[in-house]
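Residue numbers (the working numbering), protein chains in the order written: chain W, 136 to 390; chain H, 19 to 92.
Since the hints were derived computationally from the structure, they do not count as laboratory data. Note that the structure is predicted; figures quoted are calculated from it, not measured. Treat the hints with caution; some may be incorrect.
25 angstroms max Cα-Cα, derived BS3-like pairs, lysine-lysine [to be verified]:
| no. | chain 1 | residue 1 | chain 2 | residue 2 |
| --- | --- | --- | --- | --- |
| 1 | W | LYS360 | H | LYS69 |
| 2 | W | LYS163 | W | LYS229 |
| 3 | W | LYS163 | W | LYS198 |
| 4 | H | LYS22 | H | LYS69 |
| 5 | H | LYS22 | W | LYS313 |
| 6 | W | LYS224 | W | LYS255 |
| 7 | W | LYS229 | W | LYS313 |
| 8 | W | LYS378 | H | LYS52 |
Among chain W residues calculated to face chain H with C-beta under 8 angstroms, some are [as the list claims (entries may be wrong)]:
| no. | residue |
| --- | --- |
| 9 | ALA143 |
| 10 | ALA185 |
| 11 | LEU326 |
| 12 | ILE374 |
We put the CB at the ideal spot given by N, CA and C, even for glycine.
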Amino acid sequence: MLSKDELARYDRQIRIDKIGEVGQLKLKQSSVVIVGAGGLGSPISMYLTAAGVGRIGLVDGDKVSITNLNRQILYGTDDVGKDKVFVAKERLKKLNPYVKVEIYPTWFTDIDIAKNIFLKYDAVIDATDNFQTRYLINQACVSLGKPLFVGAVGRFIGQAMDVSPHETACFNCVFPEKEKEVVSLMTERNLSEGIIGTLVGTIGTIVASEFIKFTLNIGNTLFNKLLIYDLINNEFSIINLEKNPKCSICGDLNK
Amino acid sequence: MKVKVKLYGDFLRQGPEESIVELQDGSTVEELLKHFEISERNYIIILVNLKRSWFEGALKDGDTVSIFSPVGGG
Ligand SMILES: [Zn+2]
């Protein structure tokens, strides 16, 4: 049930025929864990909190630094030096006290840490900033059968895709994991490319919308699709993907 | 024939952000990649006029080719 106060709070989205009170209740009953409380995690967690997702997990072992502030809008100047997820929880609680925010100030140093957290949620959002963690999250989701929503950025380019394990292409089907050294080199290069804050805003809200549509079972989603956004040229492209039967993570040989 | 080429991400190391390349008629994406000395064949997404293309895809005069690497930041 939605209280009178909740009905008022969500009025503008309940008015949309495809959402309604039924949809709002679905959102309230849903849960999601967001890995990464940075540039992508900021808009994703804020919009999902405002939209009334019932329970949101937030994973990040990092502290706020001054170089985060051009894009990580969860944090303010006074937060520099503080643990991200604790600041984020306060901010999100203020935004919407009806949402349960659960925080994990940790790094995914091995897959079991990820799995133990993911088990408690309907779905997972990959909002991390490095390829190593992206492969680990993908593997954990495939092994648990948890739907995964991926957002990623570099320079002026953003990418997003959804994964339904064993049914649609996983992250590893599209970009098969390479040797450790290559993966860390890719992360390093990506970091050195830089990121403009508005880009994580665009990609973050796309990923948050994907989770909402998935939960409400409405519209078209990015399962078996990769969205590429080129901010500098205003170009959006969506390409079709296919599950790779030989994928080392989700391939039929690895069931 | 002439095609417009846009390089993104890692591939910015192989050439300018945007350029016009003159190729022999009937050339494919593969030949364009060789022109830029791009050897990567896995971590690469190629769009021709914003539609996905593969290495053997034939190019024609006036095409715009966008060459992407995966991004991983957040
Ligand atoms: Zn796969």
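Okay, the hints, checked on the actual structure:
Restraint check for W:LYS360 and H:LYS69: satisfied, since their Cα atoms lie roughly 13 angstroms apart, inside the 25 angstroms limit. About 17 angstroms separates the Cα atoms of W:LYS163 and W:LYS229, which keeps this hinted pair within 25 angstroms; it holds. Annotation: proposed proximity of W:LYS163 to W:LYS198 is violated, straight-line Cα distance about 30 angstroms (limit 25 angstroms). With a C-alpha separation of about 14 angstroms, the suggested pair H:LYS22 and H:LYS69 falls inside the 25 angstroms cut-off, and the hint holds.
For the hint linking H:LYS22 to W:LYS313, the alpha-carbon distance of about 31 angstroms lies beyond 25 angstroms, and the restraint is violated. Restraint check: the Cα-Cα separation between W:LYS224 and W:LYS255 comes to about 18 angstroms, which is no more than 25 angstroms; the hinted pair holds. About 42 angstroms separates the Cα atoms of W:LYS229 and W:LYS313, which puts this hinted pair outside 25 angstroms; it is violated. For the proposed pair W:LYS378 and H:LYS52, the alpha carbon gap of about 28 angstroms is over 25 angstroms, so the pair is violated.
This hint is violated: W:ALA143 has a C-beta 34 angstroms from the nearest C-beta of chain H, more than the 8 angstroms allowed. Among the interface hints, the one on W:ALA185 is violated; its C-beta lies about 20 angstroms from the nearest C-beta in chain H, farther than the 8 angstroms criterion. Given hint, W:LEU326 at the interface with chain H, holds; its Cβ is 7 angstroms from that chain's nearest Cβ, closer than 8 angstroms. Because the closest C-beta pair between W:ILE374 and chain H is about 4 angstroms apart, less than 8 angstroms, the hint holds.
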